[in-house]
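J.: Please build the complex by placing chains B and C on the supplied structure of chain A, with the hints as guidance.
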Amino acid sequence: MASQPVIRGLTGDRVLVLEDGQRTGDIATTAPDHAVTIDPMTARRVEIIRGPAGLLFGSNSLGGVVNVVREDVPAERVAKRLGGVLSGQGESVNNGGVAHAQLRGGVGALAWRMRVTWRTAGGSRAPQGVLPFSDVRGHDVGAGVALVDVATTSGQWRLGAAARDVISTYGVPGSFGGIVLPGAHEGGVYVDLSRRSARVDGSWRSNNAEVSNSAWPRLTQASVSTQFVRFEQSELERGGFVGTRFGQLMANGDALVQYTRRAGVPVRGSVGTWAQWRDFRAEGSFTGTRPGVMRSVAGFVMEEWSLDSLLGGGRPVRLQWGARLDAARIVPLDSTETALVRDVRTRAFTAPTGSVGLTVELRPGVTVGASAARAFRPPAIEELFSAGPHLGTYAYEVGNPQLRAERGTGVDLFARLARGSVRADVALFTMQMADFIYQRPLVDSITGEPVRDPRLRRYNVYQADQADARLHGAEGRVEWRVPRARGLIVDGTVSWVQGIQRAATGGTDWVALPAMPPLRTRTQARWEGRQWSGSIGLEAAAGQSRVPPAPFTLGATTCALEASQAVRGDGAPALLPAEFCATPSWALMNLSVGRQWVTGTRLHDVTMTVDNALNADWRDHLWRAKQVAPQPGRNVRVLYRWSW
Amino acid sequence: MRFTWIQPARTALLALALAACGGGGDVTAPPADAPRLEIASVVIEDTGTGDIMFSHDNHWHGFPVVAVGGRRSLRVHFVKQGRAPDDHDMPPRNEWFSLANHADHSLPVVIEDPSRAQWEGDRLGGTLTGRAAGASRISFRLFRGTTTVWEAPPLNFTIRP
Amino acid sequence: MPRRSSFLALAGAALLLVACEHPIAVVTPHAEIADLVFSDSASRVVVMRTTDNRAWSGAPFVMCADDVRTLVPQAIDFRGQSVDLVSRRDLEIRGESTQPNVVWEPLRGRGRLLALAPGTTRVRFLVWHLTHADLVSPWLEVTVLPAANCAASR
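Residue numbers (numbering that gives the first Met the number 0), protein chains in the order written: chain A, 0 to 643; chain B, 0 to 160; chain C, 0 to 153.
Chain A on its own, in the form it takes in the complex (with noise of 0.2 Å):
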C-alpha cells in the first residue's frame, strides 16, 4: 500500500532499493505501512539490475535491486549557466496535486542542482465513496553541487557533496463503510516521517577506457561514495495520540574499482567494499520495542568476461560471475527479557554469497542466457527484537532473537529476441529459500482464537518466525514498432509466480506463501508523434486464491462482511486479516493524451492521463484492507511541464 516495490512476490528487505546507488535509511522495508521515501517524479531514470552485478550492492538480492537514479550530486558538466524544470500536476482522485521545480546550472567544472517538490492529496475516491484517512502531503528538497571532469594527467576527477530534505505526512485507512478491520482504529492512523540526509561522493575515471592488454588489472574508474541519513516516524492516532515513534541514523560508505585485463579473453571487473551503522530505536505506547544498533562490512568482487572469440565466433558471449563477503552484527541496546521475547542477545551473522551469469547471441538480435545466484539476508533488526503495538499495521508484533539469516538459491533462464519492428523478452526462475522469515499470527492454543495484546486487547500478535519457501514463476515483455504506422508502438508484459513455504505445523505440509501476486498483465497501444502523443492501455490481474490457511479456528472467521453485521455486536462473526484472503480479479483501462511544443529553447509539455478510466472497483491483493475497501476509482490527471 505504502508503494514499496514487489519483484517476482518478494518485497521488503529482500528487494533492495537504493538511490543513487546508496541504501535511502528509511524503515520502508520493515512493515507495509512503511513508505518509501523516494519521489519517482524526480528520478532520471529507475535501474533495474539482476544477477551477478547486484552484488555490487548488497546479497540481499534475490528479488533484485531496484536503482533509482536522481543523480544529487551532479555528474556531468553543465553547460548553461542557469537551466532547471518547473511542473505541476493535479488529480481528481484525491484534489490533489504535485509541484515540483529543479534549478541546475554550471560554470566551468562545478556544476549545482536544486530541487524542491510539494505534494498534497485528500482521501482517495473510489467507486463506492471516499477513503477516509488516505490523504497526503509532504515535500522533498534538496540540492548538490559538485566538481566535475576535472582534468588531470591519469584522468578526470569528480568530488560532490549533496543535502536532502523528505518530509510527509499520509494515512493510513482503518475502516470503510462503517466497517473497521481488527485491530485498527476508527479514525485511521497517520504516519508523520522525516528524512534528513547529505552525502559525499568522489569518483576518478582514466583517461583510458580501453581494454588492457596485461594479465595484471588497469584501473579505469574508481568511486567512493558516503551517506549519512537521520530518519524520523511517528504513527499517530486521528487527534495526534503518538502510538509508536521509530527513529535511526543511518552512516555508510562504499569504494568501489574498476579494471580491465587479459585472462586469453577481455575481462572487466569491479572489486569493492562496503560498510554500514545503523541504530535504530522506537518509543511511544509503552511499546517495549527494543532499540538496536547493526554494523555491517563486506568485500565484492564481480567480473564479466568477453567470451566471443572463444566460443562465439564472433558472436557476442559474456560470463559474468561475482562473489561478496558480508558479516553483519545486531547489539540490542536493551536486553530486558518478556514473557514473549526471551534471550535478547547480540547477533553475528557472516556469509559469502555468489552468482554466475552467461548470455550467448545465437544470432543477430537471439539472445539466451542464464544465471544462478546464491543470496543471504541477515534477519532485520526489528525481526529480532520487535515486542509493542504496530498501529499502522493494526499489530502487536513480538520479535524472535533465535532466527537464523535467511539463505537463497536462485536460477533464472532468460531469452530476448530484436528482430526488425519487434522486441520480445522471456524469463523462467526459480528460487529456493532457507529459513524465510515472515511474520505469523499467534494463536491461543486453547481456544483457537488469535491471541491478543497483552495491555490493550487490541492488536493480534504477530511474531516473526522462518520456514523453508520457494518460489519459481515466468515474466514476458513483448514490443512491436507497427511498421506502416510510424511511431505506433504495441507493447505488453505479463508475470507470474507462485511461492509456497513449509507449513507452521512442521512436517511435510507446504501451504502458499502470504501476499504473493496473482498473474497479471499489461498492454498498451502508445503513439509518439512529433508533437502530440496518446496511449491506450489495459491493465488486468487474476484472482488470487492461493493465500495461506488462517491459523484460527475460532475468532476471525470471514473475509466479507456486511456493515450492518459489523454494527450489530454480539455474535457477528470477524474478519481474518487480509494476508488469510482471497482477491478477486480485475482490470482496469487507462488512456493519455500529450502535447508538447517548443518556443525559443524553452519545451513545454502537457499530458493528461485518465488512470482506471472505467471507474472500476478493483483491490490490489496487498492491500491490507481490501475485505472491506477498494482502490481508488478514475482518475485524471493533467501534467504541466516547462522545462529550459
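No lab work stands behind these hints: they were computed from the structure.
Nothing here was measured: the structure is a model prediction, and the numbers come from that model.
The C-beta atom is built at its ideal place from N, Cα and C for all residues, glycine as well.
Among the hints, erroneous ones may be present.
[Unchecked claim] Cβ pair distances, simulated, as ranges:
id	chain 1	residue 1	chain 2	residue 2	range
1	B	84	A	177	40 to 50 Å
2	A	557	B	39	36 to 46 Å
3	A	336	B	121	27 to 37 Å
4	B	84	A	448	35 to 45 Å
5	B	37	A	148	55 to 65 Å
T.: Using the frame of chain A, we list chains B and C on its own:
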C-alpha cells in the same frame, strides 16, 4: 512573439495553484469543536485505605494490593501539569480533576491476566476484585469517542492469598 | 586550490547539517519493583525488607554511632523474582534521610549505611533509573545510639 518570463510564470502559477487546491488540512489536529484534554499523569485513590498511586512518565509510584475475594474501590483523577523527571512527590490534590464533566470521554480498563482480578467501573473509577493470588497489570487508556487521548503506563498490582 | 578547499568545506557542512543526535533517546525500561530487601553483606541475613512497599519489617533499625553497615540490597519484582542490580548499570539504590546523621553510600551491588552521629532519623531508599526514581520506599526509622551506650551493651 518575443518571449517574456510572464508566459511560463503564469502557466507555472496555474499549475501550482492546481496542485495547491484541495488536499487535506492538518489532519492530525484535534477536532475543532472542543480542545483536547491535556493530561500529564493519572492519580488513583483507594477510597477505602486512603492509599494514593500516581503515574510519572512511564512508571508508577504505589500500586494496589487486594486480597483474593477482596475488593478495592479506586477513584481515578487526572493531572494536567507535568513534573520533572526527578520529582517523585505526589501531585497536590488541588491539581487533580476527574472526568465527571467530560461525558464524551471513556476510560476502558484492561487487565493483562483476567484470572487474577476483575475490574468494573466507568470513567470516574471502579472496583478491583481479587480472583487468584499473584500479580498482573492494569492498562488505563482515555478515549474521546474512538480516538485515544492519553494512555497511562501499565500499573502493576498484587493479589494476596 | 581555493575552489577545492571551499568546496570541501561545503561538503563538510552538508554532512553536519544532518549529523545530529538520534531522534529517540535510549531509555532502558523502568524496573517494575514491588519490594526491597536488605541483607547483611557478611552474614547474608535479611535485616530489613518492605512488604507491598508500604511498611518495613526490621524497623526501627538500630545502629551505633560511627558504625558502618554494609548491606546488599535486593529488588524484588511483582512476580517474586530478583532484579539483577549488578548487571543493570542503569539502576542504582540511592538513599535519602531527613537528618544528616545517617547517610547511605551506594556502591555497585551493595551499599553502606553510615551512622555519623547519635539521634533518630528517617531514611528511605530510591531505585534510581538514570534520571528518576522507579521506586520510592516508605520511610524507615533509624535510631543511632551513642557509641558509649553501644559499648556498654556489648
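J.: Hints broken by the structure, by number, lowest first?
T.: none
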